[in-house]
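Fit chain B to the known structure of chain A by using the hints.
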Amino acid sequence: MQTTLDISTHHLPQVTHARNPGMGLDLDWVASVHANTSAIERRAATIGARRSVKKDFQAAWLLKAISLIDLTTLSGDDTAGRVKRLCAKARQPVRADMLQALGLPGLKVGAVCVYHDMVATAVEALEGSGIPVAAVSTGFPAGLSPLHLRMQEIGESVRAGAREIDIVISRRHVLTQNWQALYDEMREMRAACGDAHVKAILATGELGTLRNVARASLICMMAGADFIKTSTGKESVNATLPVTLTMVRAIRDYEDRTGIKVGYKPAGGIAKAKDALTYMALMKEELGQPWLQPDLFRFGASSLLGDIERQLEHHLTGHYSASNRHAMG
Amino acid sequence: MTKPTIREIFDSMDYGTAPEGNAEVKAWLAKHQRFGHWIDGAFTAPGKTFATRNPATGDILAEVTQGTSEDVAAAVASARKAQTKWAKSGGAARARVLYALARLVQKHARLFAVLETMDNGKPIREARDIDIPLVARHFYYHAGLAQLMDTELPGLEPQGVCAAVIPWNFPLLMLAWKVAPALAAGNTVVLKPAEYTPLTALLFAEISKEAGLPKGALNIVTGDGETGAALVASDVDKVAFTGSTSVGRKIRQATAGTGKALTLELGGKSPYIVFDDADLDSAVEGLVDAIWFNGGQVCCAGSRLLVQEGVADRFHAKLKRRMDALRIGDPLDKSIDVGAIVDPVQLATIKGLVEANRAGEIHVAACALPEGCFYPPTLITGLSTADMLMQEEIFGPVLVSTTFRTPAEAVEIANNTRYGLAASIWTENINLALDLAPKIKAGVIWVNATNLFDAAAGFGGLRESGFGREGGWEGLRAYLKPGAKTKALAPVAIPEALVEEAPAMDRTAKLFIGGKQARPDGGYSRAVTFKGKLLGHVGLGNRKDIRNAVEAAHAAKGWGRTTGHNRAQILYYIAENLSARSTEFAQRIKDQTGKSGTDEVAAAVDRLFTYAAWADKYEGAVKPVPMRGLAVAVNEPVGVIGALCPDEAPLLGLVSVMGAGIAMGNTMVLVPSEAAPLSATDFYQVLETSDLPAGVVNIVTGSAQELAKPLAGHLDVDAVWSFSSQPLSTLIEKEAAGNLKRTWVNHGRARDWTRADAREFLAQATEVKTIWVPYGE
Chain A
1 MQTTLDISTH
11 HLPQVTHARN
21 PGMGLDLDWV
31 ASVHANTSAI
41 ERRAATIGAR
51 RSVKKDFQAA
61 WLLKAISLID
71 LTTLSGDDTA
81 GRVKRLCAKA
91 RQPVRADMLQ
101 ALGLPGLKVG
111 AVCVYHDMVA
121 TAVEALEGSG
131 IPVAAVSTGF
141 PAGLSPLHLR
151 MQEIGESVRA
161 GAREIDIVIS
171 RRHVLTQNWQ
181 ALYDEMREMR
191 AACGDAHVKA
201 ILATGELGTL
211 RNVARASLIC
221 MMAGADFIKT
231 STGKESVNAT
241 LPVTLTMVRA
251 IRDYEDRTGI
261 KVGYKPAGGI
271 AKAKDALTYM
281 ALMKEELGQP
291 WLQPDLFRFG
301 ASSLLGDIER
311 QLEHHLTGHY
321 SASNRHAMG
Chain B
1 MTKPTIREIF
11 DSMDYGTAPE
21 GNAEVKAWLA
31 KHQRFGHWID
41 GAFTAPGKTF
51 ATRNPATGDI
61 LAEVTQGTSE
71 DVAAAVASAR
81 KAQTKWAKSG
91 GAARARVLYA
101 LARLVQKHAR
111 LFAVLETMDN
121 GKPIREARDI
131 DIPLVARHFY
141 YHAGLAQLMD
151 TELPGLEPQG
161 VCAAVIPWNF
171 PLLMLAWKVA
181 PALAAGNTVV
191 LKPAEYTPLT
201 ALLFAEISKE
211 AGLPKGALNI
221 VTGDGETGAA
231 LVASDVDKVA
241 FTGSTSVGRK
251 IRQATAGTGK
261 ALTLELGGKS
271 PYIVFDDADL
281 DSAVEGLVDA
291 IWFNGGQVCC
301 AGSRLLVQEG
311 VADRFHAKLK
321 RRMDALRIGD
331 PLDKSIDVGA
341 IVDPVQLATI
351 KGLVEANRAG
361 EIHVAACALP
371 EGCFYPPTLI
381 TGLSTADMLM
391 QEEIFGPVLV
401 STTFRTPAEA
411 VEIANNTRYG
421 LAASIWTENI
431 NLALDLAPKI
441 KAGVIWVNAT
451 NLFDAAAGFG
461 GLRESGFGRE
471 GGWEGLRAYL
481 KPGAKTKALA
491 PVAIPEALVE
501 EAPAMDRTAK
511 LFIGGKQARP
521 DGGYSRAVTF
531 KGKLLGHVGL
541 GNRKDIRNAV
551 EAAHAAKGWG
561 RTTGHNRAQI
571 LYYIAENLSA
581 RSTEFAQRIK
591 DQTGKSGTDE
601 VAAAVDRLFT
611 YAAWADKYEG
621 AVKPVPMRGL
631 AVAVNEPVGV
641 IGALCPDEAP
651 LLGLVSVMGA
661 GIAMGNTMVL
671 VPSEAAPLSA
681 TDFYQVLETS
691 DLPAGVVNIV
701 TGSAQELAKP
711 LAGHLDVDAV
721 WSFSSQPLST
731 LIEKEAAGNL
741 KRTWVNHGRA
751 RDWTRADARE
761 FLAQATEVKT
771 IWVPYGE
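Residue numbers (the UniProt record's numbering), protein chains in the order written: chain A, 1 to 329; chain B, 1 to 777.
Where hints are given, some of them may not hold.
Stated by the list, open to error - 20 Å max Cα-Cα, derived EDC-like pairs, lysine to aspartate or glutamate: (1) A:K55 with B:D11; (2) B:K320 with A:D253; (3) B:K487 with B:D682; (4) B:K623 with B:E152; (5) B:K107 with B:E206; (6) A:K55 with B:D14; (7) A:K284 with B:E206; (8) A:K284 with B:E777; (9) A:K54 with B:E648; (10) A:K284 with B:D324; (11) A:K55 with B:E8; (12) A:K274 with B:E63; (13) B:K334 with A:D275; (14) A:K284 with B:D14; (15) B:K334 with A:D56; (16) A:K274 with B:D129; (17) B:K3 with A:E285; (18) B:K31 with B:E63; (19) B:K617 with B:E636; (20) B:K334 with A:E255; (21) A:K54 with B:E8; (22) B:K320 with A:E255; (23) B:K590 with B:E706; (24) B:K320 with A:D56.
Rather than coming from a laboratory, the hints here were simulated on the basis of the structure. Small disclaimer: the values here were computed from a predicted structure and weren't measured.
Just chain A, with the same shape it has in the complex (with noise of 0.2 Å):
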């Protein structure tokens, strides 16, 4: 089944799928989960030579990955007229006569991704866009403060209507095993955000190994988690091909087990028109189709859009475009 949505509507999970309601903690699966780094990597590095899309294909993945992308801001100097620059931009990512000529206006990103604090300047300045604010949560992006404090902050964002939480796990259940203690964390998490979406993200840069990252990932979807993501952005390692490829691939045996589609989002260093491409092919290639809509897959990035930007306006003048030409974000 085609899972194609209206552009102009928003893109939440509970429009076409069932949300994940997680499931009993099952250490002998987690057990049982390999992960063979040589040969993840082999693959990764032919997906980008295996798929290539061109010319009118190209301009309408490009366009499809804008309205994948969560357009985030995450620095500490962050204002409320910042953060309004950022919605407006998500409201009109790309200037209106190119979208026009593209065949596709009123295109938008997926979400506003931001900080509790901005949360409410982003629900104001998005109201009636039908753009979701997502926050960031729970002690981003160490994940170390009180565990009665990240879930308070869950709550506040929520209440401030963020229809989407960024959590961050504690990495160190993971480096130590504790996978009762991630479950139990997560679960958590996962109550404290009602109604809103939760990604879970792992930082798998500093997770230490694949083989981690994949137990990581089964145990926050069997605690519930409606996306897995990757990373804050801020570890030394962000988003990588070899990462997603483990991810997505607990994604898939998570739905053959439970028949519960998960999100997934990689964050952190995918900057290149060319990436997104990329990072596309693999999901529709390992997941399939649903995975290339915004309720199943995001972008976590800030500077990707404007080199979508570029490509596009060379798809529709035969030109190399210049930054300056598109508005910023």
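Only chain B this time, still in chain A's reference frame:
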């Protein structure tokens, strides 16, 4: 169909098409249209031609000339003329040319890739990202070998003129595998590309001029199998063939007794073993590279899937889903996984094999299949070893599958084949992987990987997958021969049994089989005499004795798993016991030959010490391949070696042959000197007292002429050597074609047995197995 709008594509998220341009290739083809051969540095005028087609479209790409035996002779003459000068130019000079060839391949990489895809039907991604980069790498690597060989390989010289007959599945890569080592070693080459895919070889020849390759150093003669047969039959010094086992067998028979060196890289039915603790998704992805790479038209394709029972259903389900996502179609499309089958004839072969199968359950990939010369990725599960498709090479995108319970059973099923080219082992348990790697009969093992190749790592097979390695120092060795001049070997006469003087006490020498003295099956004996003096009797062994000896040798194969240290201890012990009886052994030699045996016995003791020394020192290598991982070249025993021992050194010769063989872990069936067999029959008493396990060495006396045939023709013998002074080389090489066992025969040339030439013997006594272990966590 109307062109979809961007908005429609936004909804469908189809890939569309991404065709690679081919204008440059078309221009090159238009310039030539009809090709002659490339002989003596130029294209000849086209003769009688045939069309070479693009299998994806059926379009004629060009007309190429059907090579006649005259064409072949002209090419060989040109190569012959060029050879001495090319060899004399020195390794460093040849290195410059090979380096230039590597650079030229890179400079024209896209032209080669597109042409290869059009002629062969393989996806452009493969030609562009795998074939052509490997070609360049092969020339770079061999530029290095050329540079180093003068200092690193003293005493060896080129074979001379090499004939290369190559297949259609990797046209330019197989050219590189033959041409680079041949040229590096100072040979010149006449190459016949496959009938279906001659074009990249012709382009390469044309470009080779820019590298400064002298005319005649490389000649290309196009044509079909008849041209190939003419080339094999021509005045060349070595034949290197890659292709089917049936053609390889014919070449073995055709070259038997000619003295032409031969390497064969033939078919396979390589096992792909998945254990329950493997990363199953990665193992599934590996299969895409194993059996759908180049449409499964790969000699080392992982075409036989063995899955541990507990995960088989899950694994097959994952595999089927992956198959359904494969894209099959226009090979020039950059987003295609599986291209065209090389020719309608091959397509018909694949169809015929699959349609004849009635067993198991078939899954055909649910991907769209274009019209024309295409075959869908196919999986047949639930087969058992007895099913034909588990045994026969399909050479297409068809994977067959069965299950196993234990590691031991996996090995048993993996080895239950006439072939022995490659194997893949998938497990996260390094103990298991490294335990299995030596047990699987194959020249190449990939752990948690498949179809990894590199110029530094040897590639080649065992059993009916052929013999010889390509790549690495071991591959270069096949294009070199010992430089020492040899003399003709005169047959040693067997003294007539004119008995004038009987011994004081009758002694009955027996055969030595399975550690026991055995009477000959036929019940016949022969008197051994010298100048009328009866020295004793030896049994006249027959084919049944050979059968029994081979069985005993197989039963003793645990010998190959003992440590080098242990084997050394036993060789030292044999030397010690021989030394203790040196006077008696020397006298025996004198009695049989009339010449003093003192020096020969001393040399035999010394030879045993030499091989005892080598037993734990003939080391493998870790190959510096461009990958994070180990590519380990391990010297493994060949298996059961049958050897016809020399007549001119009845003890030293036998000890040399045996020493090298058992030091490396082989078990042996020795046929001693027919003229002077009593040194061998005395020697088994030494063996009996030296803790050598029963069956490791078996001795069958009798007529070399009579025993050579059953030994060389035995389908469970892995190699046959002959140093007999009898003219047996032709017979042995012909008979060996049955199971394509390795042969090492003297072609009537003498050997100086006072020299050990141990490295030569050790190379013959071992198979190089390359074990690839990529790692990373």
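Cross-check of the supplied hints:
1. A:K55 with B:D11: holds (16 Å)
2. B:K320 with A:D253: holds (15 Å)
3. B:K487 with B:D682: violated (30 Å)
4. B:K623 with B:E152: Satisfied, since the Cα-Cα distance of roughly 17 Å is no more than 20 Å.
5. B:K107 with B:E206: holds (14 Å)
6. A:K55 with B:D14: Distance of about 12 Å is within 20 Å: holds.
7. A:K284 with B:E206: Outside the cut-off at roughly 43 Å; violated.
8. A:K284 with B:E777: Roughly 26 Å separates the two Cα atoms, so the pair is violated.
9. A:K54 with B:E648: violated (75 Å)
10. A:K284 with B:D324: With Cα atoms ~13 Å apart, A:K284 and B:D324 stay inside 20 Å; holds.
11. A:K55 with B:E8: holds (14 Å)
12. A:K274 with B:E63: Between A:K274 and B:E63 the Cα gap is close to 41 Å, so the pair fails against 20 Å, i.e. violated.
13. B:K334 with A:D275: holds (17 Å)
14. A:K284 with B:D14: holds (10 Å)
15. B:K334 with A:D56: holds (16 Å)
16. A:K274 with B:D129: Holds, at about 18 Å.
17. B:K3 with A:E285: At roughly 24 Å apart (the allowed maximum being 20 Å), A:E285 and B:K3 break the hint.
18. B:K31 with B:E63: holds (12 Å)
19. B:K617 with B:E636: Given pair B:K617, B:E636 holds - Cα atoms ~13 Å apart, limit 20 Å.
20. B:K334 with A:E255: violated (30 Å)
21. A:K54 with B:E8: holds (15 Å)
22. B:K320 with A:E255: holds (16 Å)
23. B:K590 with B:E706: Distance of about 27 Å is beyond 20 Å: violated.
24. B:K320 with A:D56: With Cα atoms ~31 Å apart, B:K320 and A:D56 exceed 20 Å; violated.
Checked against the numbered hints above, the structure violates hints 3, 7, 8, 9, 12, 17, 20, 23, 24; every other hint is satisfied.
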